[in-house]
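Chains as they are written, first to last, in this note's numbering: chain R, 1 to 278; chain E, 1 to 339; chain A, 1 to 316.
Hints should not be assumed to be uniformly reliable.
[As the list claims (entries may be wrong)] Simulated pairs of lysine-lysine, DSSO-like, Cα-Cα distance not exceeding 30 Å:
(1) E:215 x A:157
(2) R:13 x E:201
(3) E:210 x A:13
(4) A:177 x E:29
(5) E:29 x A:154
(6) A:13 x E:291
(7) A:205 x E:66
(8) R:218 x E:29
(9) E:88 x E:215
(10) E:88 x R:42
(11) E:79 x R:68
(12) A:131 x A:157
(13) A:154 x E:121
(14) R:42 x E:307
(15) E:201 x R:218
(16) E:201 x A:131
[As the list claims (entries may be wrong)] Using C-beta positions, here's what the derived DEER-type ranges look like:
(17) R:31 x E:110: 43 to 53 Å
(18) E:221 x A:172: 28 to 38 Å
(19) R:107 x E:219: 51 to 61 Å
(20) E:228 x A:44: 16 to 26 Å
(21) A:93 x R:276: 31 to 41 Å
(22) A:170 x E:38: 53 to 63 Å
(23) E:214 x R:38: 37 to 47 Å
(24) R:107 x E:227: 53 to 63 Å
(25) E:221 x R:67: 53 to 63 Å
(26) E:83 x A:204: 51 to 61 Å
(27) R:152 x E:31: 33 to 43 Å
(28) A:310 x R:152: 48 to 58 Å
(29) E:31 x A:172: 31 to 41 Å
(30) R:204 x A:96: 30 to 40 Å
Think of the hints as simulated: they come from the structure by calculation, not from any bench. For each residue, glycine too, the CB sits at the ideal point set by N, CA and C.
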Amino acid sequence: MNPYLPHLAEIRKIIRETDANDVKTFEVVFLDEAVRKGFRYKPGQFAQVSVFGVEEAPISITSSPTQKGYLEFSIKRMGTVTTALHNATEGMIIGVRGPYGNSFPIEDMEGKNIIFIGGGIGLAPLRSLINFMLHEENRDKFEDIMIIYGARSPGDLVFKWELKKWEKREDVNYFVTVDKGDGKWRGRVGFVPAVLMEVAPSPKNAVAITCGPPIMIKFVIQNLQELGFTPEQIVTTLEMRMKCGIGKCGRCNIGSKYVCRDGPVFTYKELQVMPKEY
Amino acid sequence: MSEKVIQKNKMVDFLNELLKAYKVFAPVKRDHIVSFDAIQSSGEMLLNYLNSRIPPKEIFFPRSEKMFEYIRDDLIEVKEVLPSEERKVLFGIRPCDAKAILLLDKVFDSPDYQDPYYLRKRKETIFVGMGCDRPQSTCFCTSLGGAPFSEEGLDLLFTNIGDRFVVKGITEEGETLLEKYEQVFERAKKSDLDDKLNVEKEAVNRIKSKIALEKIEKRLDKMFEDSFWDRIYQKCLGCAVCTYLCPTCHCFDITDETMDTSGERFRAWDSCQFALFTLQASGHNPRMSGKERVRQRIMHKFNYFVKNYGEIACVGCGRCIKNCPVNFDIRQILLELVS
Amino acid sequence: MQKREKLLKEEVKKLLDKKQVDMVIGYEKGTLALRTTPCFLASVDDVDRLVWNEFCENNLAKYLPGRKEKVAIVAKGCDVRSIVGLIQERQITREQIFIVGIPCEGIIDRRKIESRLGEKEILEATCENGKILLRGEDFQEILKKGDFLYDSCKVCKYRNPIVFDLLIGDRVPELEKIDEYAEVRKFEAESPDERWLHFQKEISKCIRCYACRSACPLCYCEQCFVDQSQPRWIGITDNPSDVGVFHLFRVFHVAGRCVDCGACSRACPMNIDHRWLLKKMEKDVKELFGYEAGLSVEEVPPLATFKEEDPQDFIK
C-alpha cells in the first residue's frame with residue numbers, strides 16, 4: 001500500500017456557506033466502491049485533498065462517520081489548493097487520501113456533558129463530532145450537549161442549514177452569536193469567549209471542545225479555566241502546515257509531536273507541555 | 001562471523017564480480033567533490049577518501065523523485081511510479097553513514113506507515129562498509145554511540161591494513177558474499193587480525209572531539225525558552241547546507257508539476273532552516289526568525305527524535321561543520337549545552 | 001596582518017568603551033583550519049576574540065538589514081561596497097552603522113587548497129609573508145598565497161574600502177594591470193550552444209540549498225521567490241529548467257547591484273562558479289549604463305531608476 005497515492009473522488013455537491021463566498025462545503029464520493037467502504041474515519045481526523053494540477057492540502061473532515069457513503073469538507077479559500085477547489089464545479093474529480101491524525105477522544109467523552117465552542121470555519125471539525133453525538137445511535141452515550149458558535153457577522157456563519165436543526169433540538173443547548181450584527185440579525189451579539197462566560201457551563205463531569213481563530217481559542221481557554229475547567233477537560237485542534245500527513249516529511253513538527261500523526265486533536269494539558277510553536 | 005583478507009590489487013576483481021550481479025554504488029570524485037554514485041567499472045571507485053560530501057542517504061532518499069503521474073482529461077487516471085527493486089551493493093559506506101541509514105529507517109519504515117519510495121530502494125541493498133581509518137578533526141561519532149569501525153547496519157566491513165583489507169562478514173548477506181566470491185579472498189592470518197585491531201584502536205584514538213551527550217535530551221527539555229538560542233543563532237545564514245548534507249535529515253516537500261492535461265507529483269528535499277518552511281496559508285508562521293529555526297534543528301536531532309525513536313538523530317559525521325558557509329559548529333553548541 | 005589585528009582590537013575597544021556603538025560585528029577564530037567565523041560583540045571584554053587575517057572570507061554586510069541597534073562592522077573593500085548598496089536600497093541607514101574599514105590584500109580560497117591537497121585533511125593553516133603554511137597529521141606544506149586567492153580577490157579593484165568611519169592601518173597598494181573580464185570575454189566568444197552547455201554543466205552540481213542566496217548581502221528579500229509556495233514560482237525538483245531558472249533569476253536580480261564579493265561562490269557546498277555569469281552581468285551594466293555598483297551612497301543603481309539617456313536600442 002502506497003500511502004501517498006490519492007484515491008479518486010468526485011465532487012458531488014458544492015454548498016456556498018458564507019455571504020462573502022469564502023467558505024464552501026464539498027460533498028465528495030470516492031469513485032471506487034471498495035475505497036468508499038474502506039475509508040473509515042473518526043470525528044477530528046483529516047484527509048489530504050489533491051487538486052490534480054495544483055497540489056495537495058490537509059482538510060479536516062466535517063461530515064460525521066454516521067453519514068455513510070460520502071465525505072464532506074468545508075473549506076475556506078486561503079491558498080492555491082483551496083482556491084482551486086473554490087473554482088471547481090460539481091462533477092470535478094479530485095484526489096483524497098487518509099484519514100489521518102488522531103481524533104477526538106470520543107470514548108473518554110462518553111457519559112459526560114459536552115460543550116462545543118466554535119468560531120467561524122472552526123466549526124468544521126467540531127461539526128463532525130456534533131453530528132456523530134447527535135446521531136440516534138450515539139446520543140444516549142453522552143449527557144447534556146451545549147453548542148456555542150459565533151462568527152464575525154451573520155453572513156460569516158457556516159452550516160446555517162444545519163444550525164437551525166441543532167437549535168430546534170430539545171437535547172441541545174444552543175447559543176449562536178456574531179461579533180457584529182447586520183440590520184436583520186435578531187440574535188445575540190458578542191464575542192464567543194464572552195458568551196461562554198455568560199452561559200457559564202459547569203465543569204462538573206464535562207468536556208469542552210473548542211476550535212476557531214487562534215485569538216478566540218486563547219480567550220476561550222482562559223475563560224474555561226476561570227469557570228473551573230481543568231486542562232484535561234479542554235480539547236482543541238491545531239493547524240500546522242503539512243505535506244505528507246503521515247509523520248515523515250517533518251513540516252508539522254512541534255516538539256516531539258507531529259500534528260498530522262499525533263494530532264491534530266490535543267487536550268490543553270498536552271498543549272501546555274508542548275513548545276508554543278503553532 | 002568470519003574474517004577474510006583481500007589484497008588491494010584484487011579489489012578490482014572483486015568489484016568487477018559484484019558489478020556483474022549488482023548495481024554498485026561507490027564513492028566517486030567529480031569536480032573535486034566525493035559523492036556516492038552508481039559505477040559502471042571498478043576503476044571509478046575511490047579507495048582513498050575521507051568521506052563523501054553528500055551523504056549516501058541520497059541513494060534511498062534522492063534530492064527529488066517522482067511519486068506518481070496522472071492524466072487529467074475528461075477522466076483522471078493516476079499511475080503510481082515506484083523505483084525498481086534492484087539488487088544493489090553500497091560499497092564503501094562509512095560506519096557513521098550506515099548508522100544514519102538505520103535512523104532514516106525508523107522514519108520511513110515506521111510501524112504505522114511504510115514509505116514505498118524509500119523502502120524499495122533500501123530493501124535489496126547490501127551494505128559494504130569501509131572502516132574509517134582516518135577520522136577527521138570534525139568527526140565525533142564516538143560521542144553518539146558510533147565508532148570508526150562500528151559494524152552496525154553493515155553486512156561486510158573492510159579494514160585497511162596497508163596493502164590489503166581485512167573483510168569481516170557481519171550478517172548472513174555479508175557471509176554469502178564472502179562465499180560467493182571466495183576466489184578473491186584469502187584466509188586471514190592471526191597477524192592480519194592483530195593489524196586490524198591496531199588500526200581500529202588507532203582510529204578511535206584519533207577522534208579528539210568528545211562530547212558527553214548522555215544527558216542532552218533531558219537538558220534540552222528545559223531549554224526551549226532559554227536565551228541561549230538568541231545568542232547562538234545570530235551568525236546562521238538560514239541556508240540548507242547543514243540539513244541537506246546531513247545523513248539523517250529527512251524533511252521533504254511535495255509538489256505537482258503539470259503540463260496541459262498531464263501531471264506528476266514529486267517530492268524533494270526541504271529544510272527546516274528555510275524561512276517559509278512552516279508558513280501557513282493564512283500567513284501565520286510559527287517559526288518567525290532564524291532563532292526558532294536553528295533551535296528546531298538542534299531540538300529535533302537531540303530531543304524530539306530521541307523521544308520518538310529512542311536515538312539521537314546525529315551520527316557525528318561532521319559534514320555540517322565542514323561545509324557551513326560561516327563555520328557554525330554544532331560541537332560548540334552541544335558542548336555548551338551539556339556543560 | 002598581526003599589526004592590523006592589534007590595531008583593530010584597540011579601535012573596537014574604544015568604540016564599545018565610549019558606547020559609540022551597541023555592537024560590533026567582526027570575525028573570530030573558527031573551529032577549522034583556513035576559516036574564521038562571524039562574531040557579534042557587545043562587551044569590551046569580548047573584543048580580544050576579534051581576529052583579522054587572510055581567512056576572513058565572509059561578507060558581514062549580510063548581518064546588517066533589519067538591525068535596530070547602532071552597529072560597527074568590520075568590512076573589507078568588497079564588503080563596504082555591499083554596505084553602500086544596502087544604504088542605497090534603504091536596508092540600513094548610514095547613521096546607524098559605523099564602518100570599520102580594513103584594507104585587504106586578498107582572502108585565501110580554502111577550496112583551491114583543499115583541491116590541491118586532495119584527500120588530506122588540513123589541521124592548521126597560517127599565512128605569513130605571502131606564504132601559506134599548512135599542517136596535517138602527517139604532512140606539512142608551504143604554498144604561495146598568490147596562487148590560492150579567491151578569484152574575486154585576484155581581480156579586486158577596491159582593496160581599500162572607499163567608504164568608512166575608521167580605517168584600520170595603512171592603505172594597501174591597489175592591484176595594477178588587472179583584467180577582470182578575461183573570463184567573461186571567453187564566455188562571450190562562445191556560441192550560444194556552448195554557453196548553454198557551459199551553464200548547464202555548472203548548474204548540474206546545484207543541490208538547491210540556496211546557500212548562495214543566503215550568503216549574498218543583497219539577497220535580503222523578506223520572502224525569496226524560490227521559497228514562496230502560494231503560488232510557486234519555480235518547481236522544487238532537480239529538473240534542469242527549474243534549477244536554471246533559480247540561477248538566472250538570481251543573476252538578474254543582483255544585476256547592477258552585485259559587487260563581486262564572491263560570497264555566493266564561497267558559500268556553495270558544491271563548488272559552483274557563480275561569479276561567471278555575475279561578472280558578465282556586471283560588464284553589461286557597466287557598458288550599458290556606465291555604472292559600477294557600491295561606490296557611492298548617493299547614486300541609484302541603474303536598474304532601479306530611469307534616465308532619458310539610458311540605452312533604448314531594445315525598443316525596435
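Going through the hints against the structure:
1. E:215 x A:157: violated (53 Å)
2. R:13 x E:201: Violated, at roughly 71 Å.
3. E:210 x A:13: Roughly 35 Å between the alpha carbons, so the hint for residue 210 of chain E and residue 13 of chain A is violated.
4. A:177 x E:29: violated (37 Å)
5. E:29 x A:154: holds (27 Å)
6. A:13 x E:291: Distance ~28 Å between residue 13 of chain A and residue 291 of chain E Cα, so the pair holds.
7. A:205 x E:66: Holds, at about 20 Å.
8. R:218 x E:29: Distance of about 56 Å is beyond 30 Å: violated.
9. E:88 x E:215: violated (38 Å)
10. E:88 x R:42: violated (42 Å)
11. E:79 x R:68: holds (28 Å)
12. A:131 x A:157: With Cα atoms ~22 Å apart, residue 131 of chain A and residue 157 of chain A stay inside 30 Å; holds.
13. A:154 x E:121: With a Cα-Cα distance of about 46 Å, the restraint between residue 154 of chain A and residue 121 of chain E is violated, given a limit of 30 Å.
14. R:42 x E:307: holds (27 Å)
15. E:201 x R:218: Judged against 30 Å, a Cα distance of about 58 Å means the pair is violated.
16. E:201 x A:131: violated (36 Å)
17. R:31 x E:110: 43 to 53 Å: violated (29 Å)
18. E:221 x A:172: 28 to 38 Å: violated (52 Å)
19. R:107 x E:219: 51 to 61 Å: Taking Cβ atoms as reference, residue 107 of chain R and residue 219 of chain E lie about 37 Å apart, which means the hint is violated.
20. E:228 x A:44: 16 to 26 Å: holds (22 Å)
21. A:93 x R:276: 31 to 41 Å: holds (34 Å)
22. A:170 x E:38: 53 to 63 Å: holds (56 Å)
23. E:214 x R:38: 37 to 47 Å: Cβ of residue 214 of chain E to Cβ of residue 38 of chain R: about 46 Å, so the range 37 to 47 Å holds.
24. R:107 x E:227: 53 to 63 Å: violated (43 Å)
25. E:221 x R:67: 53 to 63 Å: violated (43 Å)
26. E:83 x A:204: 51 to 61 Å: Since residue 83 of chain E and residue 204 of chain A have Cβ atoms about 21 Å apart, the given range 51 to 61 Å is violated.
27. R:152 x E:31: 33 to 43 Å: violated (58 Å)
28. A:310 x R:152: 48 to 58 Å: holds (50 Å)
29. E:31 x A:172: 31 to 41 Å: Given range 31 to 41 Å: holds, Cβ gap about 33 Å.
30. R:204 x A:96: 30 to 40 Å: Hint violated: Cβ distance 59 Å, outside 30 to 40 Å.
Hint compliance for this structure: hints 1, 2, 3, 4, 8, 9, 10, 13, 15, 16, 17, 18, 19, 24, 25, 26, 27 and 30 are broken, all remaining hints hold.
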